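K.L.:
Sequence:
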Amino acid sequence: MSDVGISEQAVTSETDIPKSEGQLETGDGSQVKESESISVTESSTEVGEGNSGDGLASKVAAHYNTLPEAGREKRLESRIFFQRNFNNWIKSMCIADALKRLREKDRQRKIVAFDLCCGKGGDLLKWKKGQINHLVCADIAAVSVEQCEQRYKDLQAKSQNDRNKLFTAEFYTADCAEEILTDLYKTPDMTFDLTSCQFSFHYSFETIKRADTMLRNACERLKPGGLFVGTIPNGCELVRRVKHSEGLSFGNDVYRVTFKDKENFPLFGCIYDFHLEGVVDCPEFLVYFPLLERMAKKYGMRLLYSDTFAEFFKKHSRDRENCQLLSRMKALEAFPPFDKTSASQTEGDYDHAVKFLAKLKSESGREGDNKRLKVGTLSKAEWEAASLYLVFAFIKEDVTADKGEDKNAEEEEERTLPEEEEEEAGPSEDAAAVKDLEREEMGITEEPVTKKQKT
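Quick note: the sequence shown uses the numbering used here, first residue 4, plus one each step.
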């Protein structure tokens, strides 16, 4: 598919499986009215362990430490080859967008980045392409950090003659939801322009203390105007799907999610087991995103956006350069396939692509042409897994810039307010404040992304 470009035409995105207007797909084929909402229980909002159990951080670390390093040939054989590439494209766009925002006023700005929960270093090439100056990598899995550092050294060797000098880097093995990382840094007063945490932040939501420590490590050392970006499971979507499943589990042949309870969803310690073919097989924790947004305010962070993968794809796939990267990364599967073999052999997994292709042919007057016209897409099974996630970005507010104005306004506030207002309590200071968070309705699950390809 590398020799086939992606057109700049608008993306067609509807739902997981065809549905009538005003209804949502649950992921298991059943439907629920769009007006229905899922609320998170308030039974476990106090500071504490929730129902998570013991030693889960070590279990997660052990899982990723023992996960074998898959070579190129092995990845090509993966059932979720295109989904993994699509997720990787999402990360590329997330990081590239953040760097673009940071350099809006100064294209030569030097960037210090923090790869929080760096894993095996899958984003090192993204940092190289982004021409950052220094990178700090940290992860709980020691073997992964070793592999990440080795990848960096290999990249160093390959980049010796490059025009642009490769960024410097430092690596740390640490439980980022337990340890204060500033105590480990070579430069204790180091600050960052950008923190990236991809597909990992939810592991910290075992307790409020761990989630707060993770946020502190992500945001405390960001410079004013600095960004915190990442990808995270959509807690609302997870709840919606399990609520409308027959039992405590839902999924398909590439992923499966299993809850212990489908009636109570505490804000912390709400554990579920997640399996993704050949990639993930360990416990995770539900994250209610409005709660994360509120907790981030403690560290001066303001939300810039939180998009589903479908929304984020629509925003960024219209750009020619992004589309070219989509093709080079093989982030979408060609349909009909070039070798007559699709990634999925499940009946109906490409009905959306057949429908979209027929529409394109009808609009172009090429109904009888079955050879050249192709679309790029994901199988429904892969999209059901990919559509569980959100992309987000926070910005660090420059509170010092407002101090003078706030100070001048104090006397006026004292004159107009009948009594002194109490400072709003953060989640780690007053657990009752968490209970007052507004519960939001579920969003619509989008259809597998489908895009016309150039021939």
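I should point out that these hints are in silico values taken from the structure, not numbers from a laboratory.
Remember, it's a predicted structure, so these values are computed and weren't measured experimentally.
Be a bit skeptical, because a hint or two may be false.
Straight line, CA to CA, 27 Å or less: simulated BS3-like cross-link-like pairs of lysine-lysine [stated by the list, open to error]:
id, residue 1, residue 2
1, K94, K226
2, K343, K358
3, K226, K212
4, K94, K364
K.L.:
Does each hint hold? Answer for all of them.
P.N.:
Hints and how they fare:
Simply put, K94 and K226 have alpha-carbon atoms about 22 Å apart, close enough for the 27 Å limit, and the pair holds. Restraint check for K343 and K358: satisfied, since their Cα atoms lie roughly 18 Å apart, inside the 27 Å limit. Only pairs whose Cα atoms come within 27 Å are accepted, and K226 paired with K212 is accepted, the gap being roughly 24 Å. Taken as a hint, the K94 and K364 pair is broken in the structure, with Cα atoms around 32 Å apart against an allowance of 27 Å.
The structure fails hint 4 only (numbered hints given earlier).
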